[in-house]
Every structure is written in C-alpha cells, then in structure tokens.
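**Q** Produce the complete structure using the sequences and hints provided.
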Amino acid sequence: MKDLLVTIAKALVQNPDDVNVIEEDKDGEIVLTLSVNEQDMGKVIGRSGRIAKAIRSVMSAAAAKADVKVTVDIK
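Per the working numbering, residue 347 is the first one in the sequence shown, and the count goes up by one each step.
Since the hints were made in silico from the structure, they are not lab data. Positions of the beta carbon are idealized from the N, C-alpha and C atoms, including for glycine. Check each hint, because a few of them may be wrong.
Just the calculated beta-carbon pair ranges, DEER-fashion [to be verified]:
| no. | residue 1 | residue 2 | range |
| --- | --- | --- | --- |
| 1 | 361 | 413 | 28 to 38 Å |
| 2 | 396 | 417 | 17 to 27 Å |
| 3 | 388 | 413 | 26 to 36 Å |
Think about it this way: if two alpha-carbon atoms lie no more than 30 Å apart in a straight line, the pair counts; the simulated BS3-like pairs of lysine-lysine are [stated by the list, open to error]:
| no. | residue 1 | residue 2 |
| --- | --- | --- |
| 4 | 389 | 348 |
| 5 | 421 | 356 |
| 6 | 389 | 356 |
| 7 | 348 | 372 |
| 8 | 372 | 421 |
| 9 | 399 | 356 |
| 10 | 415 | 356 |
| 11 | 372 | 356 |
| 12 | 372 | 415 |
| 13 | 415 | 399 |
| 14 | 421 | 411 |
| 15 | 421 | 389 |
| 16 | 389 | 415 |
| 17 | 411 | 348 |
| 18 | 348 | 421 |
| 19 | 411 | 356 |
| 20 | 399 | 421 |
| 21 | 389 | 411 |
| 22 | 389 | 372 |
| 23 | 411 | 372 |
| 24 | 389 | 399 |
**A** See below:
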C-alpha cells in the first residue's frame, strides 16, 4: 500500500525527493500519512480537494482488493 501511494504522489509533485509516507497499523486499519514539500501541497490536494479524494479512492480500491482497510492522511 505504501509503495502505491509513494508512486502516485511522486507523479504529481515537482519535488519527488520530498515525498514521505509513514505507515502505521491502528486497530487493524492501515493509516498512511503522506507528507510533501509545502510548494507541492496544492498539487496533491487539488481544487476543492479533488486530487486528494481521487488518491483516497484509488487507495481504497487497492485496499479492498487486498482485503484491508486503509486511511490516507495528507499533511
């Protein structure tokens, strides 16, 4: 899951070296915390949160296939 999120985020940003994902397991749920360069935050969130919502949708679909629950936090 973490690798998928890193790949998606790096494709969106201008500073791919600053992409960082922390994976935690909380009560059987995988929590992925994505952090990017401050200049790239708008690209990851998108207008009205559209890009962030799309990222979460892709991650949810991948999680459903793997039979796990995933939450994506963007900071």
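**Q** Keeping to a limit of 30 Å between CA atoms, is the pair of residue 421 and residue 356 held or broken?
**A** With Cα atoms ~15 Å apart, residue 421 and residue 356 stay inside 30 Å; holds.
**Q** Tell me if the straight-line CA distance from residue 421 to residue 389 falls inside 30 Å.
**A** 13 Å, holds
**Q** Using the beta carbons of residue 388 and residue 413, state whether their distance is inside 26 to 36 Å or not.
**A** 34 Å, holds
**Q** Given the hint that residue 399 pairs with residue 421, does the C-alpha gap stay at or below 30 Å?
**A** 14 Å, holds
**Q** For the pair supplied as a hint, residue 389 and residue 356, confirm whether the alpha-carbon distance does not exceed 30 Å.
**A** Answer holds: residue 389 to residue 356 is near 11 Å, not above 30 Å.
**Q** Tell me if the straight-line CA distance from residue 399 to residue 356 falls inside 30 Å.
**A** 17 Å, holds
**Q** Keeping to a limit of 30 Å between CA atoms, is the pair of residue 348 and residue 421 held or broken?
**A** Holds - the C-alpha atoms of residue 421 and residue 348 are around 15 Å apart, at most 30 Å.
**Q** Is residue 372 close enough to residue 421, meaning Cα to Cα at most 30 Å?
**A** Judged against 30 Å, a Cα distance of about 18 Å means the pair holds.
**Q** Given the hint that residue 415 pairs with residue 399, test it: the Cα-Cα distance must not exceed 30 Å.
**A** Given pair residue 415, residue 399 holds - Cα atoms ~16 Å apart, limit 30 Å.
**Q** Residue 411 and residue 372 were given as a pair; does the straight-line alpha-carbon distance stay at or below 30 Å?
**A** 19 Å, holds
**Q** Hint check: residue 389 vs residue 415, CA-CA at most 30 Å. Holds or violated?
**A** 25 Å, holds
**Q** If you draw a straight line from the CA of residue 372 to the CA of residue 415, is it 30 Å or shorter?
**A** 10 Å, holds
Violated hints are absent here; each numbered hint is respected by the structure.
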